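Chemist: Please work from the sequences and hints to get the whole structure.
Protein chains in written order, with my numbering: chain A, 1156 to 1268; chain B, 177 to 288.
Take every hint as true, because none was put in to throw you off.
Quick list of in silico lysine to aspartate or glutamate cross-link-like pairs, EDC-like style, CA-CA up to 20 Å:
#, chain 1, residue 1, chain 2, residue 2
1, B, K217, A, E1158
2, B, K243, B, D194
3, B, K220, A, E1158
Beyond 10 Å from chain B on every Cβ pair, some chain A residues (computed):
#, residue
4, V1168
5, L1174
6, V1175
7, N1177
8, S1208
9, L1217
10, N1218
11, S1220
12, R1227
13, G1238
14, P1268
No lab work stands behind these hints, which were simulated from the structure alone.
Keep in mind the model is a prediction, meaning the values are calculated, not measured.
Using N, Cα and C, we set each Cβ at its ideal position, and we do this for glycine too.
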Amino acid sequence: KQEVTQIPAALSVPEGENLVLNCSFTDSAIYNLQWFRQDPGKGLTSLLLIQSSQREQTSGRLNASLDKSSGRSTLYIAASQPGDSATYLCAVSPSNTGNQFYFGTGTSLTVIP
Amino acid sequence: DTAVSQTPKYLVTQMGNDKSIKCEQNLGHDTMYWYKQDSKKFLKIMFSYNNKELIINETVPNRFSPKSPDKAHLNLHINSLELGDSAVYFCASSHQGAGELFFGEGSRLTVL
Chain A
1156 KQEVTQIPAA
1166 LSVPEGENLV
1176 LNCSFTDSAI
1186 YNLQWFRQDP
1196 GKGLTSLLLI
1206 QSSQREQTSG
1216 RLNASLDKSS
1226 GRSTLYIAAS
1236 QPGDSATYLC
1246 AVSPSNTGNQ
1256 FYFGTGTSLT
1266 VIP
Chain B
177 DTAVSQTPKY
187 LVTQMGNDKS
197 IKCEQNLGHD
207 TMYWYKQDSK
217 KFLKIMFSYN
227 NKELIINETV
237 PNRFSPKSPD
247 KAHLNLHINS
257 LELGDSAVYF
267 CASSHQGAGE
277 LFFGEGSRLT
287 VL
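Modeler: Encoded structure:
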């Protein structure tokens, strides 16, 4: 069964810093990988979706990369802002079933003004 | 215009009661899900429906019964509520099972 791990569990950075969040998964046979942010008391907002055939996706200050062979994805946030403070989750969809997403435990990010 | 909406947002009830949570999506997706987020914020899938058919039924007590009257709706009914059912329940939808996943705002259930 697919297991998804996110390290660190929590991260604090000063405003303006670039940062990297990590996601690792045990089974490299994935269909796609998705990054989300969750604000306190809110639902999950999709940030980036990477198909298994892709190496990276970019949206504004966010860049997500995928290395299937090593079972890793990173989310790079450039020039962090206090509004980026949230919990970031990654989820993978296995290729053998198209209707399942396995979630990591998330990284809680605090950007200090 | 909310893409995935679920009601109610908050639900406080006594042990042993029966309650329902409703979910609707206006994205034209064919797959809908129920996820449970526990106190440690871990998200785990409960059910997945594709075109009104049950695709995934994870190890969930049979007190939980999903119903999908059409592709745009997926409701969750819970019988004989227990303290351990307290959690946030999220509805989500996607296209063709493994497309981009969109979530509702969540329904926080508290069982006293």
